[in-house]
Amino acid sequence: MPTPVLMPALSPTMEKGNLAKWLKKEGETVKSGDVIAEIETDKATMEVEAVDEGTLGKILVPEGTNDVAVNTPIAMILGEGEDASAINDAAPAAGKGQAASKSDGQSAKPAQQQKGQESAPPAAPDQPTAKEAREPAQPKSAVAAPPKPETVPEPDVPEGTEMVNMTVREALRDAMAEEMRRDQSVFVMGEEVAEYQGAYKVTQGLLQEFGALRVIDTPITEHGFAGLGIGAAMNALKPVIEFMTFNFALQAMDQIINSAAKTRYMSGGKMASSVVFRGPNGPAARVAAQHSHDFTAWYSHIPGLKVIAPYTAADAKGLLKSAIRDPNPVIFLENEILYGQSFPVPKLADYLVPIGRAKIVRSGSDVTIVAWSMGMTYALKAAEQLAKDSINAEVIDLRTLRPMDIETVVGSVKKTGRIVTVEEGFRQSGVGAEIAARVLEEVFDWLDAPVARVTGKDVPMPYAANLEKLALPSVAEVVEAAKALCYR
Amino acid sequence: MAVADTRQPTQAATGNKAPPGDAPKKTPAPPELGKEQELSAFRLMLLIRRFEEKAGQLYGMGLIGGFCHLYIGQEAVVVGMQLTLKEGDEVITGYRDHGHMLACGMDPKGVMAELTGRQHGYSKGKGGSMHMFSVEKGFFGGHGIVGAQVPLGTGLAFSNRYRGNDNVSLTYLGDGAANQGQVYESFNMAKLWKLPVVYVIENNQYGMGTSVARASATTNLSQRGRSFDIPGEQVDGMDVRAVHAAGEKAVNWCRAGNGPMILEMMTYRYRGHSMSDPAKYRPKEEVDKMRAEHDPIEQVRARLLAKKGASEDALKKMDTEVRGVINEAAEFATQDAEPNPSELYTDVYA
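Those protein sequences? They're chains A and B, same order as listed. Residue numbers for the first sequence follow this note's numbering, beginning at 1 and rising by one. Residue numbers for the second sequence follow this note's numbering, beginning at 1 and rising by one.
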């Protein structure tokens with residue numbers, strides 16, 4: 001049966017083109033790869049190659065014809081033993097185009113015409129999803145809503161459990177050590193994590209216990225070792241990658257976003273990376289703009305990442321252990337200033353805190369204050385001061401930024417009718433902006449005052465001590481914002 | 001032992017200023033492949049060629065959208081390298097990746113259905129031409145950002161060393177990616193930690209529309225590992241025998257624990273960078289000359305007929321069989337349904 005040659009689309013946007021020139025004449029033999037014609041598109045002149053072999057039986061669109069629509073038959077190719085008389089039989093069918101098979105003459109429809117087709121396609125031998133193929137396609141309106149993140153409830157710490165005071169730094173180290181004892185595929189990699197014992201001493205003692213194969217000093221190449229870690233994770237290892245600070249992770253951003261966050265989706269679930277990127281994030285003390293920057297909002301923007309920013313040592317430990325076990329890429333944002341602060345941590349063999357759950361750390365009825373990581377220090381002190389003025393603040397430690405436990409926040413706002421967010425990051429497109437939008441969307445009618453945001457100022461972090469202090473949020477600003485909401 | 005030679009590449013180590021489009025330099029005649037190996041290489045190259053021709057056709061009909069980078073002309077590279085691998089070895093590449101998938105044994109139906117964005121595509125239609133994966137077949141993608149696969153492939157090699165096995169990561173990159181900073185970060189770590197990775201630079205002489213000479217301060221890319229003491233070699237990437245011989249040497253070098261090696265495959269793509277590229281940056285004669293004199297498939301066909309006692313009929317039969325496989329794949333890919341709308345929100349998280 002003669003095979004039609006169709007006017008090809010030669011760019012994603014092309015709808016028609018000019019047939020500039022035929023390079024083969026009727027009656028000439030063509031084989032795969034031969035250039036048979038030149039087509040002018042809106043951008044360039046392109047060559048058309050033959051895919052099928054045979055004889056150019058008939059030219060249907062003469063050269064010099066303008067505005068030939070894509071998929072119009074422009075010529076017929078005769079197979080072995082066919083002559084031109086076969087063309088007349090075939091020509092009417094050719095208009096629909098022939099995609100797949102020249103043996104059965106089955107016409108293929110362009111993709112847009114195929115939506116919602118009912119016919120069951122042949123099963124692909126290598127694919128496990130043949131069952132889905134038999135299910136009729138659902139209409140467009142059946143688009144599912146984004147799934148609610150599933151989280152497990154926080155396990156109760158058994159009564160009588162001994163609480164041990166430890167620093168955030170020690171809690172993080174213990175979390176890594178416990179997970180490395182538990183799972184041979186967990187390893188720690190980063191700058192100065194091994195011999196030097198960690199630039200901030202978070203990995204202290206790990207080299208001595210686990211050896212150089214599992215505690216690895218890298219060269220100063222964030223882009224490279226982030227990618228290397230993700231590659232190892234794609235091959236089923238579980239890397240914990242330390243950035244000396246998250247300021248330097250900007251160098252690795254392409255690997256974190258494009259390789260780690262997107263691969264599970266782009267592979268239809270066939271490949272992914274279970275990897276933790278951790279290190280100090282946010283303003284440190286007197287190190288100026290390049291070394292003092294909160295990136296929480298950046299990461300929380302990206303589907304495919306989980307983003308955690310703990311405040312207490314107990315949460316640091318329990319959440320890091322959960323992060324290492326999580327099958328998804330996790331951004332674990334620590335804070336340099338919190339490393340040395342001590343908190344009680346339950347003495348349990350395997351203390352896990354679920355990812356994606358906020359915690360009400362102080363109950364109140366007049367105003368909700370939402371914070372996380374370093375922001376909690378401002379929030380808690382502000383709540384104490386507000387209490388002296390008989391304003392009873394409820395303080396929520398968000399702990400995880402993505403998936404965000406907005407239900408806990410919304411539940412609190414229903415009670416208080418007022419909310420202040422606190423973060424060290426910039427105001428525009430910050431996490432507070434997201435919380436404000438979600439509160440407006442979900443509990444607008446419960447609000448007694450506008451949402452208030454206390455944030456870092458809209459400037460690169462200055463070095464001078466007085467300016468740095470001004471650039472950061474303060475307890476006073478939180479108190480002032482809360483009072484304003486309470487009309488006090 | 002042959003491995004020692006790898007430190008002294010046969011090609012001139014400095015300043016290969018040959019203009020792009022010159023025929024690849026002939027290395028001393030590479031060892032012949034056996035008839036069976038040559039036949040299977042012939043069939044696999046043909047499968048890739050016919051697949052890509054069909055993909056081009058479906059693109060022309062509007063059935064494939066967006067970007068589509070064809071591998072036509074470069075088939076000998078991936079087919080020759082694949083002959084050197086064993087179970088558990090890893091393959092990873094950039095976005096000109098259809099040939100690598102087929103060489104790894106992935107199903108042409110699933111690959112084609114991904115190109116058409118259908119539900120039984122390898123990535124359920126969510127990845128497209130540049131993003132398919134099959135860990136079972138040792139294929140780790142399919143990556144769309146130029147050079148990003150190089151640290152990833154180095155990480156695959158890291159996992160082999162971590163586990164103490166003797167598997168090797170074949171990490172493919174193009175001449176364009178060879179100028180990316182992360183490639184050198186990877187070279188450094190690979191050598192520092194003696195990771196079993198062969199960096200296969202597929203030098204098809206153009207990074208999109210820019211020739212190697214216009215983009216690269218040094219054009220002998222096989223020597224780009226010199227600062228790290230990584231041996232490298234230029235190979236006639238149009239000759240599957242030469243690819244196989246060099247590949248075997250490099251893979252054995254890595255398996256033996258010697259660390260990484262670089263192979264620069266001198267190859268050529270017949271088509272434009274992507275479907276909408278008219279390739280006006282190179283003379284037509286250059287393309288014609290490569291096709292006429294160095295076609296990787298025709299070279300094998302000629303040897304099979306002249307030296308290996310294969311008949312025209314047998315080869316033609318093979319071509320017909322391959323066309324059948326491809327037509328079936330295209331048929332499948334055009335009849336399969338688009339992904340169910342409910343798939344929009346799946347596979348973001350586990």
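Among the clues, some could well be false.
What the hints assert, rightly or not - Simulated DEER-style distance windows between Cβ atoms: (1) 146/A x 32/B: 44 to 50 Å; (2) 181/A x 86/B: 32 to 38 Å; (3) 34/B x 183/A: 30 to 36 Å; (4) 66/B x 460/A: 26 to 32 Å; (5) 83/A x 32/B: 29 to 35 Å; (6) 213/B x 183/A: 37 to 43 Å; (7) 64/A x 289/B: 46 to 52 Å; (8) 288/B x 183/A: 42 to 48 Å; (9) 289/B x 16/A: 31 to 37 Å; (10) 65/B x 61/A: 31 to 37 Å; (11) 85/A x 312/B: 27 to 33 Å; (12) 208/B x 449/A: 54 to 60 Å; (13) 208/B x 476/A: 54 to 60 Å; (14) 208/A x 65/B: 52 to 58 Å.
Stated by the list, open to error - Simulated crosslink set (BS3-like; lysine-lysine; CA at most 30 Å straight-line): (15) 201/A x 194/B; (16) 194/B x 31/A; (17) 35/B x 280/B; (18) 31/A x 86/B; (19) 201/A x 43/A; (20) 284/B x 31/A; (21) 284/B x 21/A; (22) 289/B x 308/B; (23) 191/B x 58/A; (24) 191/B x 25/A; (25) 201/A x 24/A; (26) 469/A x 148/A; (27) 24/A x 289/B; (28) 415/A x 388/A; (29) 16/A x 280/B; (30) 86/B x 270/A; (31) 284/B x 16/A; (32) 359/A x 415/A; (33) 16/A x 58/A; (34) 43/A x 86/B; (35) 191/B x 31/A; (36) 43/A x 307/B; (37) 359/A x 388/A; (38) 317/B x 25/A; (39) 359/A x 270/A; (40) 307/B x 31/A.
Simulated from the structure, these hints should not be mistaken for lab results. Backbone N, C-alpha and C define an ideal beta-carbon position, used for all residues, glycine too.
- [ ] May I ask you to test the hint 54 to 60 Å on the CB atoms belonging to residue 208/B and residue 449/A?
- [x] Given range 54 to 60 Å: holds, Cβ gap about 56 Å.
- [ ] For the pair we were handed, residue 43/A and residue 307/B, check the Cα-Cα distance against 30 Å.
- [x] violated, 47 Å
TODO: State, for the Cβ atoms of residue 85/A and residue 312/B, whether the hinted interval 27 to 33 Å holds or is violated.
DONE: Holds, at about 29 Å.
TODO: Given the hint that residue 469/A pairs with residue 148/A, test it: the Cα-Cα distance must not exceed 30 Å.
DONE: violated, 39 Å
Open item on the list: Between the alpha carbons of residue 317/B and residue 25/A, is the straight-line distance 30 Å or under?
Closed with: It holds: about 28 Å lies between the C-alpha atoms, which stays within 30 Å.
Task: Range hint compliance [Cβ, residue 66/B to residue 460/A, 26 to 32 Å] - done: Distance hint for residue 66/B, residue 460/A is violated at roughly 38 Å.
Open item on the list: Please verify whether residue 284/B and residue 21/A have alpha carbons no more than 30 Å apart.
Closed with: Roughly 16 Å separates the two Cα atoms, so the pair holds.
Task: Pairwise hint evaluation, residue 388/A against residue 415/A, where the allowed Cα distance is 30 Å at most - done: holds, 21 Å
TODO: Verify the proposed pairing of residue 16/A with residue 280/B, using a straight-line Cα cut of 30 Å.
DONE: Roughly 21 Å between the alpha carbons, so the hint for residue 16/A and residue 280/B holds.
Open item on the list: Tell me if the straight-line CA distance from residue 201/A to residue 24/A falls inside 30 Å.
Closed with: violated, 74 Å
Task: Whether the CB-CB distance between residue 65/B and residue 61/A falls inside 31 to 37 Å - done: violated, 24 Å
- [ ] Just tell me: holds or violated, for the beta carbon distance of residue 146/A and residue 32/B against 44 to 50 Å?
- [x] violated, 59 Å
The structure does not agree with the numbered hints 1, 3, 4, 5, 6, 7, 8, 10, 16, 17, 18, 19, 23, 24, 25, 26, 34, 35, 36 and 39 stated previously, though it agrees with the rest.
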